[in-house]
Amino acid sequence: MKIATYNVNGIKARLPRLLEWLADTQPDIACLQEIKTSDETFPEADILAAGYQAVWHGQKGFNGVAILSKTPLSHIRNGLDGEDEDDHSRYIEADVADSAGHLIRIASIYLPNGNPQPGPKFDYKLRWMERLRAHAAALLALEMPVVLAGDYNVIPTDSDIANPAAMKDDALMQPESRAVFRRIVTQGWTDALRTIHPTGPLWTFWDYQAGAWQRDAGFRIDHLLLSPEAADRLVDAGVDKDHRAREKASDHAATWISLRDD
DNA sequence: ATGCCTAAGCCCCTTAGA
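Numbering (numbering that gives the first Met the number 0), first residue to last: 0 to 261.
These aren't lab readings, by the way, just hints derived from the structure by calculation.
This structure is a prediction, so every number in the text was calculated from the model and none was measured.
Heads up, the beta-carbon is just placed ideally off N, CA and C, and yes, glycines get one too.
Misleading hints may appear alongside valid ones.
Unchecked claim - Estimated spans, in silico, between C-beta atoms of each pair: (1) Gln186 x Leu102: 27 to 35 angstroms; (2) Thr185 x Ala44: 38 to 46 angstroms; (3) Glu175 x Glu43: 37 to 45 angstroms; (4) Ala133 x Ala48: 17 to 25 angstroms; (5) Arg76 x Lys120: 44 to 52 angstroms; (6) Ala164 x Asp261: 42 to 50 angstroms; (7) Thr194 x Arg214: 26 to 34 angstroms; (8) Ala96 x Ala137: 36 to 44 angstroms; (9) Asp83 x Val184: 21 to 29 angstroms.
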């Protein structure tokens, strides 16, 4: 089965492009971020017409996450524990059944950007990452296939960006951000994209500005982390770059994995 | 040192993004 993550940068502005991508690439599950819509205005009818069920956790104007699936979804939770006053919609989790009827746990994650740093937005990013780390540990203890997919807003290493010097002060590649990401991964998660493509350029985001796409000046911030039970079934992974080149594209490309049937 | 683009709401400017 194919599981993708796609920061759409506005589901209303991106709807034709999103529907085209779903039809072209046929993911079984699609985790979306930055849907930038309230719960009431989520375009459920269009998603259903495209053959997908959905659960979503929206917010007016910015943030917002969703999970689409060709088969029924069982909604588990919105949000992470640990900060009651946090009203950003950045986390949703659901179960889906694979072809053998076994459950797979899926999370769609929109981790805070954290710029500018230092400052309160960066502090919020690090706190949010700690909350994710705590929840990820609990998910590992389930000993089931789990896929934590989304826009992590973390460039894990200097090999994950075309021009590290240009971004050296950016929240996406600070040592503190990288350290928490690494602490999450070393709990026992597998970074699916780097497992299939260990070296070389592997970008999932190209800025709209300064001709970044044309210069291929991108970086890798969209990640799929797999529990051991999911990693055992990993057969392929990639980035849907061609859709990034089209008119009215998101600044992110969809990033996907393929899992063997259980 | 700054803006470079884009989306959305506060809607013709501002906020947020990365």
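Sort out which numbered hints this structure fails and list those numbers smallest first. Numbers 1, 4, 5, 8, in rising order.
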